[in-house]
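Going down the list, the sequences are from chains F and D.
Anchor point for the first sequence: position 140 equals 140 in our numbering, and the numbering is continuous, going up by one each time.
Anchor point for the second sequence: position 10 equals 178 in our numbering, and the numbering is continuous, going up by one each time.
In case anyone wonders, no lab produced these hints; they're calculated from the structure.
Glycine included, C-beta positions come from ideal geometry on N, C-alpha and C.
Check each hint, because a few of them may be wrong.
[Stated by the list, open to error] Interface residues of chain D toward chain F, partial, derived using beta-carbon atoms under 7 Å:
#, residue
1, SER185
2, ASP189
3, LEU190
4, SER224
5, ASN271
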Amino acid sequence: MILLSVEDVDQLNRSTLLLKLSLISEPRLLCAVRAAVGEMAVISGFRDAEARSIVLAVDEALANVIRHAYKGAVDRPIQVSFSTVQVKSAEGVQDALQIQIVDHGVPVKHERLVGRALDDVKPGGLGLHFIRETMDSVTFRHVGGRNYLRLIKSPTPAKPSGTEEEES
Amino acid sequence: MQAITRRLAKISVIDISGDIDLASSPQLRAALLKELKDSKPSRLVLNLTGVRYIDSSGIASLIEGLKAARDAKVRYVLFGLNQTVREVMQLSKLVKVFEIVDNEEQAVAG
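Required output: the full structure, derived from the provided sequences and hints.
In structure tokens form, the structure reads like this:
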């Protein structure tokens, strides 16, 4: 197992499956998944800016599956599941949204997918950077011929009245 | 995604709309490089007002356009970035690489 998170969260055992999507590795389907992820994030209590960042992270993760694990094949299976989990943090036990992406492609050496300099920008090169920047925890493992990517994020607690940041 | 080009003397303005993602970013890249090659403008302006979403492959396509414009000594200006696009730009830490203005008037002036 390759642990990617800078700061992995301590996940408790309780989890509740909210939604499970099965799709093929067709890039044109990503817009439909983004819509579902955005709605799921809002339903799970995330504010608009956080919901947008989760949408971006999941979109980038799926793009990586299509480009790297499936090498551009458009007919391979991908499962995306959304669960509520509880995690331990400095503030105590906290609810979080867990998104798990499963594919049957070749194992991807995520540690090699690093941010690129301006002179070496190619499609997908920034994707993992976006995922790491936006999620609390990112873990990857390859078991039984499948890749499992698990993303976890907790909603940022609301600030006291009068200090709320504006969102457009 | 749609990319429609207008030409104002030696300035090319590309109106881009829709989502720029893994599916559509090759189309954007091709449109940018074709305009630079075919029209040889003095300035290439990208109107992103209609862009609802952009991912890392979209940012990479914009960067490729920028690099090609620099090579051809063409000024490359963006305007009309909404909140979603700005957030992704900032996350990429490449926002300062681009010349970004508020509107088309500023983009074609000077």
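Hint ASP189 (chain D) vs chain F: min CB-CB distance below 7 Å? Interface hint status for ASP189 (chain D): holds (6 Å vs cutoff 7 Å).
Interface hint status, LEU190 (chain D) versus chain F (Cβ within 7 Å): Holds: closest Cβ of chain F sits about 4 Å from LEU190 (chain D), inside 7 Å.
Would you check whether SER185 (chain D) satisfies its interface hint, that is, whether its CB is within less than 7 Å of any CB in chain F? violated (14 Å)
Have a go at the ASN271 (chain D) hint: is there a Cβ in chain F nearer than 7 Å to its own Cβ? Violated - the Cβ of ASN271 (chain D) stays beyond 7 Å from chain F, reaching only about 17 Å at its closest.
Using Cβ atoms only, decide whether SER224 (chain D) comes closer than 7 Å to chain F, and label the hint accordingly. holds (4 Å)
Going through the hint list in order, the structure does not satisfy hints 1, 5.
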